[in-house]
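Number of protein chains: 2
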Amino acid sequence: MAKMVSDFVIPILGGYECEVGLDALDDASVIGDLVLKSDSHAVQPIFFPGGDIGRLAVAGTVNDIAVLGAQPLALACGLILEEGLAFEDLRRVLTSVRSACEEADVSVITGDTKVVEKECLGGLVINMSGIGRGDEALEHNIKIARQYRKTLDTKWILDKNLREGDKIILSGTVGDHGVAIMSTQENIGLRNEVRSDVKPLNHMIGKILKVGGIVSMKDPTRGGLANSLNEWREKSHVGIQIQESHIPIRNDVRAACEILGIDPLEVGNEGKVIIGVVKEQAEEVLEELRSTDEGREAEIIGEATGEFNLVTMKTIVGGKRIITTPIGDPVPRIC
Amino acid sequence: MAKMVSDFVIPILGGYECEVGLDALDDASVIGDLVLKSDSHAVQPIFFPGGDIGRLAVAGTVNDIAVLGAQPLALACGLILEEGLAFEDLRRVLTSVRSACEEADVSVITGDTKVVEKECLGGLVINMSGIGRGDEALEHNIKIARQYRKTLDTKWILDKNLREGDKIILSGTVGDHGVAIMSTQENIGLRNEVRSDVKPLNHMIGKILKVGGIVSMKDPTRGGLANSLNEWREKSHVGIQIQESHIPIRNDVRAACEILGIDPLEVGNEGKVIIGVVKEQAEEVLEELRSTDEGREAEIIGEATGEFNLVTMKTIVGGKRIITTPIGDPVPRIC
Chain A
1 MAKMVSDFVI PILGGYECEV GLDALDDASV IGDLVLKSDS HAVQPIFFPG GDIGRLAVAG
61 TVNDIAVLGA QPLALACGLI LEEGLAFEDL RRVLTSVRSA CEEADVSVIT GDTKVVEKEC
121 LGGLVINMSG IGRGDEALEH NIKIARQYRK TLDTKWILDK NLREGDKIIL SGTVGDHGVA
181 IMSTQENIGL RNEVRSDVKP LNHMIGKILK VGGIVSMKDP TRGGLANSLN EWREKSHVGI
241 QIQESHIPIR NDVRAACEIL GIDPLEVGNE GKVIIGVVKE QAEEVLEELR STDEGREAEI
301 IGEATGEFNL VTMKTIVGGK RIITTPIGDP VPRIC
Chain B
1 MAKMVSDFVI PILGGYECEV GLDALDDASV IGDLVLKSDS HAVQPIFFPG GDIGRLAVAG
61 TVNDIAVLGA QPLALACGLI LEEGLAFEDL RRVLTSVRSA CEEADVSVIT GDTKVVEKEC
121 LGGLVINMSG IGRGDEALEH NIKIARQYRK TLDTKWILDK NLREGDKIIL SGTVGDHGVA
181 IMSTQENIGL RNEVRSDVKP LNHMIGKILK VGGIVSMKDP TRGGLANSLN EWREKSHVGI
241 QIQESHIPIR NDVRAACEIL GIDPLEVGNE GKVIIGVVKE QAEEVLEELR STDEGREAEI
301 IGEATGEFNL VTMKTIVGGK RIITTPIGDP VPRIC
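Going down the list, the sequences are from chains A and B. The opening position of the first sequence corresponds to residue 1 in the numbering used here, with each subsequent residue numbered one higher. The opening position of the second sequence corresponds to residue 1 in the numbering used here, with each subsequent residue numbered one higher.
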């Protein structure tokens, strides 16, 4: 997929110069003072423990706008339904879109519905697009970051902004969403059902922006933590060192990953962020995060380094492991 | 479809108060000074005479933004591909997206790609979302309209703005797109191949805004002219009277419609607009339209009336026909 995007989509559609364009492959794009994001959701099954495709569509788009430091302004919802989708299922999904919107304080203001004849989508696919705008919290955040890094030359929170010494904070446990989906797809009966963490995070992010000093932020969805850290490494030209002992993983998620033969660091999350913050502000950001519901299990998991241009992890048993970009996708249609 | 949207989507997702929201069911929505639009395209086949799904996706979204009086600022492209889509076809579609963007002076600045496993979409579905902004041309247009209608209380060009006496202009021939698609779907060998009119119209619209006095504008896509005129009638609480003899229809489109058993007024267009304009400005707007490539066959086809709350058509043979909202869709997956 990444290769197809870099080989086909970017060379043909890219090249337009705006603040953050298609070529940057960041979580969302920026034109003038506006953030624009489009995300299609094809998760299977459409209802899963802890959420459904409607909640996922709202959280996915809101979070991608929020990790650039913006607040969502409005959403546009494109429904692609297959003939035969039960009206009751559609009602459930739309009600869930509505309630996730209320959580995030944003509304769907426009949309479009198309129907395809065959039963092939597993119900429906949702495209959720959205626009956002930076507010005073973002401005404050960047001002604080610049006190410690005079060379920071953007007013947005971007993948390319990470520098040696920055601390990396993870807002909570990883693997929950991917394991919830995969154990449902594979029909594995876990003793304790793992629930997806799918959640709009714009309010939590708004709070930590008010502390200030955040330079990079990502929601580790497809490809999980391993993928997101490697994207940072590549775009920021740094090394990244993390400590396994500091990465929060639920015991049941860890157990399920062993059964399923997957790495919890490579599994998608839908309610977590990783945060790159200037080291002087790291403790304060962590404290603010922990005061929120969504971030109460946050940890500083590592830092950006000047060495190696690799993501390395100190393992619990005292070794060192290189974390590479996941090849292929352990969980198809995870989002 | 209309019933499903009004019964399910609007009651659950609607209600948010912004300048033009979901409930207005206008061509696009407005929040603050921004126009937002999302449109999914599932046309079959993906390549057709005169265009393809890529060109259609750009024109569809650009035109829906432009008919509110805005100029497109940026696009977001969501691709849903089926496994088995040939790379060469993807390259052709993306190249066509690019070239339509260049025609419209807009760029795809963000996007997303998902793959579904089964071959069921007929290749791919494209969601194209976009944002736009009103410029001085729109401001000028509304200023001129207000010289003749002091009560006009919006700075946007909306379905609900039509009033008794306003002239209705059609920018060119109707039926071309629908017939091009349907004759390809049905594999009917017409003597002269009918080509789709798919085209971004923002430049043409920008020119007539500079003349001024336009109050309502629509691109008559799904359901064709018949559907668009009835939407106006309903939202503006007016009657509409048109003259059959003034409606431009290509001879080969007319002949094909007879063979296919469909009404050219009910077939979708992708490169035409209908324009409601204060009567004092109608001739000048028509003249400007005719000076453009896209609008050279424009005609004044009728006017809004105070009577009946119906769309009626004086037929060529001297009778009168009531034009109703098309029931069902003569052409599935036309856009």
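There could be a bad hint or two in this list.
Claimed, not checked - In silico BS3-like cross-links for lysine-lysine, where the CA-CA straight-line distance does not exceed 25 angstroms: (1) K150(A) <-> K3(A); (2) K114(A) <-> K235(B); (3) K160(A) <-> K114(A); (4) K210(B) <-> K114(A); (5) K150(B) <-> K235(A); (6) K3(A) <-> K118(B); (7) K150(B) <-> K114(B); (8) K279(A) <-> K314(A); (9) K155(A) <-> K279(A); (10) K114(A) <-> K150(B); (11) K118(A) <-> K118(B); (12) K118(A) <-> K114(B); (13) K3(A) <-> K143(B); (14) K207(B) <-> K118(A); (15) K143(B) <-> K114(A); (16) K235(A) <-> K3(A); (17) K118(B) <-> K210(B).
No lab work stands behind these hints: they were computed from the structure.
Verification of the hints:
1. K150(A) <-> K3(A): violated, 35 angstroms
2. K114(A) <-> K235(B): Measuring from Cα to Cα gives roughly 23 angstroms; hence the hint holds.
3. K160(A) <-> K114(A): violated, 37 angstroms
4. K210(B) <-> K114(A): The hint is violated at about 35 angstroms.
5. K150(B) <-> K235(A): violated, 55 angstroms
6. K3(A) <-> K118(B): Measuring from Cα to Cα gives roughly 21 angstroms; hence the hint holds.
7. K150(B) <-> K114(B): Measuring from Cα to Cα gives roughly 50 angstroms; hence the hint is violated.
8. K279(A) <-> K314(A): holds, 20 angstroms
9. K155(A) <-> K279(A): holds, 19 angstroms
10. K114(A) <-> K150(B): violated, 39 angstroms
11. K118(A) <-> K118(B): holds, 10 angstroms
12. K118(A) <-> K114(B): Holds, because 18 angstroms separates the two Cα atoms, which is no more than 25 angstroms.
13. K3(A) <-> K143(B): Violated, at about 51 angstroms.
14. K207(B) <-> K118(A): violated, 43 angstroms
15. K143(B) <-> K114(A): violated, 37 angstroms
16. K235(A) <-> K3(A): The given pair, whose Cα atoms are some 16 angstroms apart, holds under the 25 angstroms limit.
17. K118(B) <-> K210(B): violated, 49 angstroms
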